[in-house]
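2 protein chains.
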Amino acid sequence: MTEIEWDDHIAVTPTTDGEFTADLTDGWVVGGGVNGGYLLATIGNALSKVAPGKPDPIAVSAYYLSASVPGPATVATRVLRDGGSVATLAADLKQGDDARITVLATCGDLDRLPDDVRTTAKPPIMAPLEECVPNTLAPEDVRKIAPLMERFDMRFDPGCAGWAVGKPSGNGLMQAWFRLKGERDPDPIELLMVCDALPPVTFDLGMFGWAPTLELTVHVRAKPAPGWLRVSHRTRNVAGGMFEEDCEVWDSADRLVAQSRQLARHPRG
Amino acid sequence: MTEIEWDDHIAVTPTTDGEFTADLTDGWVVGGGVNGGYLLATIGNALSKVAPGKPDPIAVSAYYLSASVPGPATVATRVLRDGGSVATLAADLKQGDDARITVLATCGDLDRLPDDVRTTAKPPIMAPLEECVPNTLAPEDVRKIAPLMERFDMRFDPGCAGWAVGKPSGNGLMQAWFRLKGERDPDPIELLMVCDALPPVTFDLGMFGWAPTLELTVHVRAKPAPGWLRVSHRTRNVAGGMFEEDCEVWDSADRLVAQSRQLARHPRG
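In the order they appear, the protein sequences are chains A and B. At position 136 of the first sequence (counting the first as 1) the number is 136 in the numbering used here, and the numbers step up by one without a gap. At position 96 of the second sequence (counting the first as 1) the number is 96 in the numbering used here, and the numbers step up by one without a gap.
Honestly, I wouldn't trust all of these hints.
No distinction is drawn between identical chains; accordingly, a pair holds when it is met within one copy or between any pair of copies.
In silico SDA-like pairs for lysine to any residue, Cα to Cα no more than 20 Å straight-line [unchecked claim]:
| no. | residue 1 | residue 2 |
| --- | --- | --- |
| 1 | Lys-167 | Met-207 |
| 2 | Lys-122 | Asn-171 |
| 3 | Lys-181 | Trp-228 |
| 4 | Lys-49 | Gly-33 |
| 5 | Lys-122 | Asp-246 |
| 6 | Lys-94 | Val-79 |
| 7 | Lys-122 | Met-242 |
| 8 | Lys-144 | Val-30 |
| 9 | Lys-223 | Met-242 |
| 10 | Lys-223 | Gly-241 |
| 11 | Lys-223 | Arg-265 |
| 12 | Lys-122 | Arg-236 |
| 13 | Lys-94 | Arg-78 |
| 14 | Lys-94 | Asp-82 |
| 15 | Lys-94 | Gly-83 |
| 16 | Lys-122 | Asp-17 |
| 17 | Lys-122 | Leu-173 |
Note that these hints are calculated values from the structure, not bench results.
Input sequences plus hints: build the corresponding full structure.
What follows is the structure, encoded as structure tokens:
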């Protein structure tokens, strides 16, 4: 397991007219599908190569059309507007004739943003790394259907990991430390995956099972500092068969580097 | 001022191949542009007519490309996927050759969602309607550059309206009661506008001026009950020249009917 794994997994090869090919790995399978965050990072990797001088995803909105499968895929990109400091782009991930994900995005250069920080949000209050529950403790049968868990080191805050032992808190909150295997340092494209890497926050409500994403929007607000990330997922509006999942990603320098919200269907369970 | 005004303002006429024409009114002008929420509702009105049996916007993500002006516009729609209970659609608002807004959306039928409500979020704590500060108190010069203020009755919670008298709280919170003029009862398409109708929440941080939206995603979670809406805007991550604005819309039956987040550039001041 080396640093190279992640870059291989999200690799894209340009073909023609803004189109790229990708090979979706079975290493990011979870249950019946391929993790939506990994797919979004693969699309983000393609988008990073489209607008000159604008390699970073700043806002990315993905609508999930059908479940992806491991294997070849294409990412077709279009430039909707490129002017000033940001570009607005579109992308479609397909496998054969099947549309999997459609995306709108604003890309720019995070290094060129002003350096003001007036953030009032506070980092998640969670137990130190060494007191958290590593994902490697998951039962063998869970790890078998979720090979994505071999891709990263995820340490769950015990204060909101009761669901793992049949005692969900009912608060709708999940928090974890996160780092790709091989201790690869995070970057903006990786953050697109991190926002969808934890189990559905509905686990903490005792609603287990897959929660298919309808829509996921990620805002990448700064380049993450090297080291561990802290990730929180929260839901406050479970109704009508759906829930929102709000994610924050904090870096080792206590900067809120990404915020996301997704709308998902909750497990019928 | 009658109920008919709003419906006239967002009216769209189908032409061919999923395209609609609209006439953007100068009644929704604010400062140098046309209110982004009104524009989104106009697009939402077109989208409501595209997928049979799926008239309601459930998730709508808009990327703002250039500032719209009052006058004729076209809304070109495409069906990306229509199957099961929801359809995924795309839309582009243009004026002449100028792309103004590009949108992805999931539409469905809110009446057909399951009736579970396990929402843990609480309605905003705000002063009763009669103790709030009506937008009609705004100075004449403000109302002159913001004719949109004539379109609705907006009553600001005095606890977070200090910005109006030069005393912003610094908390990054704004709350108001909202109702269209003519006491038109709210509906899902109107909610797309309501999520962007209040002044930028950065006013409460003492940062005045226009805050151009890069991206706005609205989740409409239920049909609103008749009567007044309560709207809250909050920001927690002002950094890098940008801020997120989280909006909640609660109806008269204490249901959280819409949640939105936008990423905007903050005023240079």
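Do the hints match the structure? See the list:
In this homomeric assembly, Lys-167 and Met-207 come within 20 Å of each other (Cα to Cα) only inside a single copy, at 11 Å, whereas the closest approach across copies is 45 Å. Proximity of Lys-122 and Asn-171 under a CA criterion of 20 Å is satisfied in both settings, with 19 Å inside one chain copy and 13 Å between copies. For the homomeric pair Lys-181 and Trp-228, the shortest alpha-carbon distance inside one copy (11 Å) is at most 20 Å, but the shortest distance between copies (51 Å) is not. For a Cα distance limit of 20 Å, the shortest separation of Lys-49 from Gly-33 qualifies neither inside one copy, at 27 Å, nor across copies, at 32 Å.
Proximity of Lys-122 and Asp-246 under a CA criterion of 20 Å is satisfied in both settings, with 15 Å inside one chain copy and 16 Å between copies. Proximity of Lys-94 to Val-79 under the C-alpha cut-off of 20 Å is found in both arrangements, the shortest distances being 18 Å within a copy and 16 Å between copies. Taking the closest pair of Cα atoms, Lys-122 and Met-242 come within 20 Å of each other only across two copies (18 Å); inside a single copy the shortest separation is 27 Å, beyond that limit. For the homomeric pair Lys-144 and Val-30, the shortest alpha-carbon distance inside one copy (9 Å) is at most 20 Å, but the shortest distance between copies (56 Å) is not.
For a Cα distance limit of 20 Å, the shortest separation of Lys-223 from Met-242 across copies, 14 Å, qualifies, whereas the shortest one inside one copy, 32 Å, does not. In this assembly of identical chains, Lys-223 and Gly-241 lie within 20 Å of each other by CA distance solely across copies; the values are 14 Å between and 35 Å within a copy. Within a single copy, Lys-223 and Arg-265 get their C-alpha atoms only as close as 31 Å, which misses the 20 Å cut-off; across copies the closest is 18 Å, which meets it. With identical chains, the CA atoms of Lys-122 and Arg-236 are at most 20 Å apart both within one copy (18 Å) and between copies (9 Å).
Taking the shortest alpha-carbon separations for Lys-94 and Arg-78, both the intra-copy value of 14 Å and the inter-copy value of 17 Å come in at or below 20 Å. In this assembly of identical chains, the alpha carbons of Lys-94 and Asp-82 lie at most 20 Å apart only when taken from different copies (16 Å versus 24 Å within one copy). Taking the shortest alpha-carbon separations for Lys-94 and Gly-83, only the inter-copy value of 17 Å comes in at or below 20 Å, while the best intra-copy value is 28 Å. In the homo-oligomer, the alpha carbons of Lys-122 and Asp-17 never lie at most 20 Å apart, since the shortest distance is 44 Å inside one protomer and 49 Å across protomers.
For the identical chains of this complex, Lys-122 and Leu-173 are neighbours both inside a copy (15 Å) and across copies (16 Å), given an alpha-carbon limit of 20 Å.
Checked against the numbered hints given earlier, the structure breaks hints 4 and 16 and satisfies all the rest.
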